[in-house]
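Listed below, chain by chain, are the residues.
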Amino acid sequence: MISIPKKVYDEMIAHAKAGYPNEACGLLAGSLGRADVFYPMRNMDNSAVSYFMDPKEQLMIFKKMRETALEMRGIFHSHVASEAYPSQKDVRLAFYPDVSYLIVSLSETEKPALRSFRVFDEKVTEEKIQIL
Amino acid sequence: MTIKIQLNGKVQEIDAKMTVSDLLLKWKVRPELVTVEVNENILQKLDYDGTEIKQNDNIEFVFYMGGGKS
Numbered sequence: 001m002i003s004i005p006k007k008v009y010d011e012m013i014a015h016a017k018a019g020y021p022n023e024a025c026g027l028l029a030g031s032l033g034r035a036d037v038f039y040p041m042r043n044m045d046n047s048a049v050s051y052f053m054d055p056k057e058q059l060m061i062f063k064k065m066r067e068t069a070l071e072m073r074g075i076f077h078s079h080v081a082s083e084a085y086p087s088q089k090d091v092r093l094a095f096y097p098d099v100s101y102l103i104v105s106l107s108e109t110e111k112p113a114l115r116s117f118r119v120f121d122e123k124v125t126e127e128k129i130q131i132l
Numbered sequence: 001m002t003i004k005i006q007l008n009g010k011v012q013e014i015d016a017k018m019t020v021s022d023l024l025l026k027w028k029v030r031p032e033l034v035t036v037e038v039n040e041n042i043l044q045k046l047d048y049d050g051t052e053i054k055q056n057d058n059i060e061f062v063f064y065m066g067g068g069k070s
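Chains as they are written, first to last, in my numbering: chain A, 1 to 132; chain B, 1 to 70.
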């Protein structure tokens, strides 16, 4: 399970909507199963069907997390017209087994559907999300 | 002989004269899946083999993060 404060949830959804019609992405950091901070990231693909984070931005955010004694808890992106479930590409590019992979579907823009998964060895397991 | 480096923010002791390629191999990291930074400079993959790691080098690597509906 991953716990997310409502403020952080709102930031994720707002970032996904701001990126629409393209996919949006971001990172979540926190400690002890909580994701207390959301870092909106740039989708270098500028695409409605894919996302790719800027490695330079990743490095910068990872250092920032360390400086504030936070750990990466989640990797977030949006699917703009399909369900919130990891695609084959999502699974193939999931290299962090210890973090949550959160996907929001904006197929119903006014009713975003957020789900969270763990991906290990290309096996996908859904986990609960607790909004605090 | 060993040297001390910072790897993703943690002090590590590694064999002297290792290259970035050697380090990734030691950590079982596929070079094509990561970005490597040495002392704040992002390395081109072509330079992994020829970059020898030195005492007190600060090395960061991150896996690519991407995906999407397609």
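By construction, these hints were calculated from the structure, which means they are not laboratory data.
Among the hints, erroneous ones may be present.
With a cut-off of at most 30 Å between alpha-carbon atoms, the simulated DSSO-like pairs for lysine-lysine come out as follows [unchecked claim]: (1) B:28 - A:6; (2) B:4 - A:64; (3) B:4 - A:123; (4) A:17 - B:45.
Part of the chain B face toward chain A, derived, beta carbon under 10 Å [stated by the list, open to error]: (5) 31; (6) 56; (7) 60.
We put the beta carbon where it would ideally sit given N, CA and C, even for glycine.
Hinted pair residue 17 (chain A) and residue 45 (chain B), Cα distance within 30 Å = Violated, at about 35 Å.
ask   = Is the shortest C-beta separation between residue 60 (chain B) and chain A less than 10 Å?
value = holds, 6 Å
query = Minimum Cβ distance from residue 31 (chain B) to chain A below 10 Å?
reply = Hint violated; residue 31 (chain B) Cβ to chain A Cβ min 13 Å, cut 10 Å.
message = For a C-alpha distance cap of 30 Å, please report whether residue 4 (chain B) and residue 123 (chain A) respect it.
response = violated, 36 Å
task = Return the status of the interface hint for residue 56 (chain B): holds when the least beta-carbon distance to chain A is below 10 Å, violated otherwise.
result = violated, 17 Å
key: Holds or violated: residue 4 (chain B) to residue 64 (chain A), with C-alpha atoms at most 30 Å apart   = Satisfied, since the Cα-Cα distance of roughly 23 Å is no more than 30 Å.
request  = For the pair supplied as a hint, residue 28 (chain B) and residue 6 (chain A), confirm whether the alpha-carbon distance does not exceed 30 Å.
outcome  = Answer violated: residue 28 (chain B) to residue 6 (chain A) is near 38 Å, above 30 Å.
Of the numbered hints given earlier, the model fails hints 1, 3, 4, 5 and 6; all others are met.
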